[in-house]
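All chains, please: the whole structure from these sequences, using the hints.
One rule links them: number in my numbering = place in the sequence shown (from 1) + 12.
Hints in this document: simulated from the structure, not taken from any laboratory.
A couple of the hints might just be wrong.
Stated by the list, open to error - Straight line, CA to CA, 30 Å or less: simulated DSS-like cross-link-like pairs of lysine-lysine:
| id | residue 1 | residue 2 |
| --- | --- | --- |
| 1 | K168 | K209 |
| 2 | K344 | K416 |
| 3 | K109 | K45 |
| 4 | K117 | K45 |
| 5 | K308 | K272 |
| 6 | K88 | K117 |
| 7 | K117 | K92 |
| 8 | K241 | K272 |
| 9 | K351 | K416 |
| 10 | K308 | K351 |
| 11 | K45 | K84 |
| 12 | K202 | K241 |
| 13 | K209 | K272 |
| 14 | K88 | K45 |
| 15 | K241 | K308 |
| 16 | K92 | K45 |
| 17 | K92 | K109 |
| 18 | K344 | K308 |
| 19 | K109 | K41 |
| 20 | K168 | K92 |
| 21 | K336 | K351 |
| 22 | K241 | K209 |
| 23 | K423 | K447 |
Source: prediction; values computed, not measured.
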Amino acid sequence: MFTKGFWKWVLVGGLVSSTFLGAKAQSIKELEKDCQSGNPNACAKLRYIYVEVGDTQKNRPKRADTETQYIKELEKACRKGDAKSCMELGDMYAEGKGVPQDYTKAITLYRKACAIGSIKNRQKVRRKSKEAPKYTYKYQSPAVDTKRQLERMNTKELYEKACEMGDNMGCYKLGEMYYHGREAQQNYEKASEYYQKACRMGNSIACYRIGEMYYYGQVQNGDPHAMSKFFYQRACLMGNDVACYKLGDINYYSIQNLQKSMEYYQKACDFGNARGCYRVGMVQAEVINRESSYIKAIEFYQRACDLGNANACNYLGAIYLEGKGSQRNFSKAVDLFQKACSMGNSLACTNLGHLYIEGRGAQRNYPRAVEFLSRACYAGNASACGYLGMMYVNGNGVARDYSKATSLLEKACNMGNALACTDLGSIYSMGLVEK
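Structural data, given as structure tokens:
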């Protein structure tokens, strides 16, 4: 579900200010009188006094007494064509303040505010135009003009308007439209233009996206490697975890700078990127591969696992199972394998099934082993299919079934499991099944 803030960014941008200056210069009674007369600015100032500042003076009505009346005045002012009132009313529906929460109604009001702002801007230009004949300006009812404007507007136009108003999300969304060819003809040059504009405005996702375009050769001007790195770094500095992770990969695989790659992976991890945490753990455990480095690997695998990375949970379980870094703990290993398996990691399911067969870290339990190996085999793990096939051969946890065993061993063999091929050959040579 989109948030109220998102629609404010996309549809209105800088159109409406919520700061009302000069409220203290007018008496409460004067403002109330003007508001009752349909002056939207007076209503807005009263809103600021009643609701935002609070009931700190005796002559101010209580909040509950003013909210309903204020909503009515907002509705009246919005119908008369006041963009601020439409915007404020949209906020109230988006947040459920004083009215039942209704995102659809909020979006409609934001659109209306945007349309009114567009109309008034055009009217102002026409009034000030030197070429326009004097005294020929014809006033058009805001309600009629707004309806016509809304009928003509589409999503692309709304994003264009937001971008023109200086909203980085509007520019980014336009870039997305041109990149993917949604509601606009696919145009990488246009996409690049809007991504860069949004990036300059501080949108980290846009910086990352233009970096991706340079990286994959979708932008022709400039050195693609240097430009992609520049935009990734810019996005990373803004806190974009995916960009930091990408820089880690570039330094690890292309530049082969282990220290720099670790810096970026850790930065991605610190921004909440599970893969970044996993990569730090992986490098510590498998590349550096010292006894002391396993302590660091455990720390980052655990962080990645907590963030939902199934591979990290599985590898952390393996460290506890094997006792690397003097951290042997069968019970923890089983818990971690179960967690990874529940997240769909077939290797963890296989490891868990094997532990139940051997009785390590848990009491030997063939039915449980069959359960986890079946899950892993179905997910395409060759070792799991091989283990499961032999359980059907031996009747461990299941009724002995050579036909079923043969089918499973063939599957494992076809996936490249050499041991399964050997076991399958033994079954045929013993004549347990016919070829």
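Worksheet entry | Numbers of the earlier hints that this structure fails to satisfy, in rising order | Failing hint: just 2.
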